[in-house]
Amino acid sequence: MGVHPHQRQFKPINAFIIVVMALGSVAYGYSASIIATTLAQPSFYTYFNLASHSNENDIIGLMNSLYQAGGFLGTFTVAFSADRWGRRAGIAIPTTLVLVMGALLAGSVNLAMFIACRFWAGWGAYMLVSAVPVWMNEVVPAHGRGALVAVHGASLLLGYCLAAWVGFGFWHISATNNLQWRGPTLLQCLPAAILLPCLYWLPESPRWLVIQGRDEEARRILHKLHAPDEADHELIQIKAQAETEDRLDSSYWALFTKPSYRKRMILAFTTTVSIQFCGPILINNYGPTIYKSLGFSASKQLLYECGWLTLAFGGGLISLYVVDSMPRPVLFAGGITGAQVCLCIEAALVATYATSPESLAHPNESALKAAVAMFYVYIVIFESTLDSGQFVYLGELFPTHLRAKGISFGMAGVNLINIVWLQVAPTAFSTIGWKFYLVLIIPGMAFAVLIFFWFPNTRGVHLEEVAELFGDEVNHSVAQVVYHEKEESKGEDGHLNEREPSVLGAQKLFSHHEEVNSV
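For the sequence shown, my numbering begins at 1 and goes up steadily by one.
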């Protein structure tokens, strides 16, 4: 790859910034997950009189799928705001939207208002979940980047977990009290309300600043984030690559017309879609409904959901250590295979012990508990390998000038497939039952094989060098220039001079090469 070392010197400020930014991940997780326990609150059904609607399943499906539809559109606005006004603005805008929509959802006076606000809440939440990893990837050092950015995945799982336990706690309030569902819904505003003012004290992405020609600001921020030698080293590489990318087309059209970019888009979209074929959104949003179909009481339905999401958070913490321990394709293929094996066993248990009239009349308690346990094994495998890893991978695939657009396109894949799953799931579970799992399992296993043999590994690769994996010679040249410029700029004490090196060497070298050598 490049000829310079990758070992970046880590500073505690990196961890502090990541933790603060993780509030955005928590805000998304809570917002996306609170609907699961809301749909299990008796007061919610009573207030909106859902039982009186003949198309109750369709309405429930609409509440979930419109959230994803809003998210699909929201992901495409991330690139505009993050590229035009900065990475911090790209986070501030959706944070504000999540805050406002959370309040309006909690205060909804009719079904139409609740459903409409779900759409806009999804818009803001998916903008947020797309914008945070863009910013994280551009701030943290390449060495250990996977673990640091995986905090994003672990934090959104913390949001899921909090939503479940808060919902379970409020379930014990009287079913005649609307606080039972309004309270948990309103609390989704809390992490957004904390994050919004904190953005003022967090640094802008140095890569975005260089693209805007604000090199001195970028230099100051890099010196805060890295040791002095590595900060100068990083600035040279960012500036050299930025000067090259400045001459390149950064439109969505370029993502589809330039072969190497198009390959990245296919990889990003396939990554997120293949992971969603494991069906996590179905188990998360319809968990209480699934447990109800297994014959468990209302309290156990919510309690099992809480336990499932608590284990999900635990899996997210495990991912901090797992995500950089193996090549990305091995991580994803192994995770998908493990999750799909769990779904195979789940389908077999449900088909055998929870479908026939006889099995429902005389339930096998041990088998039904085993079905719940299999969901628990599933979520640990899924979260420790796939959920956090996908955000790391999406951020690594794209160059700086296209990173926001690329991540938004990958997240659009999540929304598209989830719109389908969430809209059809209530009807599918009530009609074909366990066979619905086969719709996930068969394509999912095919995706695992595809990823293992075809996807490139980006683990530990500097963001400015990833392009070499796609045949773009320019980034290899940048790495060489950085190395030689760094060596030539050392003072007598062996350290880099404060104002040296420059990117003159890069400019000379680029004059002998084409801007891009596409695959």
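Simulated from the structure, these hints should not be mistaken for laboratory data. Accuracy of the hints is not assured; some may be wrong.
Pair by pair, the computed Cβ-Cβ distance ranges are [stated by the list, open to error]:
id: 1; residue 1: A446; residue 2: N110; range: 39 to 49 angstroms
id: 2; residue 1: A89; residue 2: V420; range: 42 to 52 angstroms
id: 3; residue 1: A15; residue 2: E56; range: 43 to 53 angstroms
id: 4; residue 1: W85; residue 2: F16; range: 21 to 31 angstroms
id: 5; residue 1: D215; residue 2: V377; range: 17 to 27 angstroms
id: 6; residue 1: A348; residue 2: R84; range: 27 to 37 angstroms
id: 7; residue 1: V109; residue 2: E56; range: 40 to 50 angstroms
id: 8; residue 1: R84; residue 2: T427; range: 21 to 31 angstroms
id: 9; residue 1: L438; residue 2: D215; range: 18 to 28 angstroms
id: 10; residue 1: W201; residue 2: L73; range: 23 to 33 angstroms
id: 11; residue 1: T427; residue 2: D249; range: 41 to 51 angstroms
id: 12; residue 1: L73; residue 2: L50; range: 24 to 34 angstroms
id: 13; residue 1: I194; residue 2: L111; range: 23 to 33 angstroms
id: 14; residue 1: P228; residue 2: V420; range: 31 to 41 angstroms
Below, simulated BS3-like cross-link-like pairs (lysine-lysine); rule was C-alpha separation at most 25 angstroms, straight line [stated by the list, open to error]:
id: 15; residue 1: K435; residue 2: K292
id: 16; residue 1: K224; residue 2: K300
id: 17; residue 1: K11; residue 2: K224
id: 18; residue 1: K435; residue 2: K369
id: 19; residue 1: K292; residue 2: K369
Just so you know, even glycine gets a beta-carbon here, dropped at the ideal spot from N, CA and C.
Now for the hints, and whether the structure bears them out:
Under the hint 39 to 49 angstroms, the C-beta atoms of A446 and N110, about 44 angstroms apart, fit the expected range. At about 32 angstroms, the beta-carbon gap between A89 and V420 misses the expected band of 42 to 52 angstroms. Between A15 and E56 the beta carbon distance is about 47 angstroms. The supplied range of 43 to 53 angstroms therefore holds. A C-beta distance of roughly 24 angstroms is found between W85 and F16, which places it inside the suggested range of 21 to 31 angstroms.
Checked against the hint of 17 to 27 angstroms, the pair D215 and V377 fails, with Cβ atoms roughly 51 angstroms apart. At about 52 angstroms, the beta-carbon gap between A348 and R84 misses the expected band of 27 to 37 angstroms. A hinted range of 40 to 50 angstroms for the beta carbons of V109 and E56 is inconsistent with their spacing of about 20 angstroms. At roughly 42 angstroms, the beta carbons of R84 and T427 sit outside the given window of 21 to 31 angstroms.
Judged by the Cβ atoms, the range 18 to 28 angstroms given for L438 and D215 is violated: they are separated by roughly 56 angstroms. Distance hint check for W201 and L73: the Cβ-Cβ separation is about 31 angstroms, which falls inside the suggested range of 23 to 33 angstroms. Restraint check, T427 to D249: a C-beta distance of roughly 44 angstroms satisfies the suggested window 41 to 51 angstroms. For L73 paired with L50, a C-beta distance near 26 angstroms keeps the hint of 24 to 34 angstroms intact.
Look at I194 against L111: about 31 angstroms separates their beta carbons, and that is inside 23 to 33 angstroms. Here the CB-CB span from P228 to V420 is close to 51 angstroms, at odds with the stated 31 to 41 angstroms. Straight-line distance between C-alpha atoms of K435 and K292 comes to about 18 angstroms, which keeps the hinted pair within the 25 angstroms bound. About 49 angstroms separates the Cα atoms of K224 and K300, which puts this hinted pair outside 25 angstroms; it is violated.
Between K11 and K224 the CA atoms are separated by roughly 8 angstroms; this keeps the pair inside 25 angstroms, and the hint holds. The suggested pairing of K435 with K369 holds, with an alpha-carbon distance near 20 angstroms, which does not exceed 25 angstroms. A C-alpha spacing of about 12 angstroms is found between K292 and K369, which places the hinted pair at or below 25 angstroms, so the restraint holds.
The structure shown violates the earlier hints numbered 2, 5, 6, 7, 8, 9, 14, 16.
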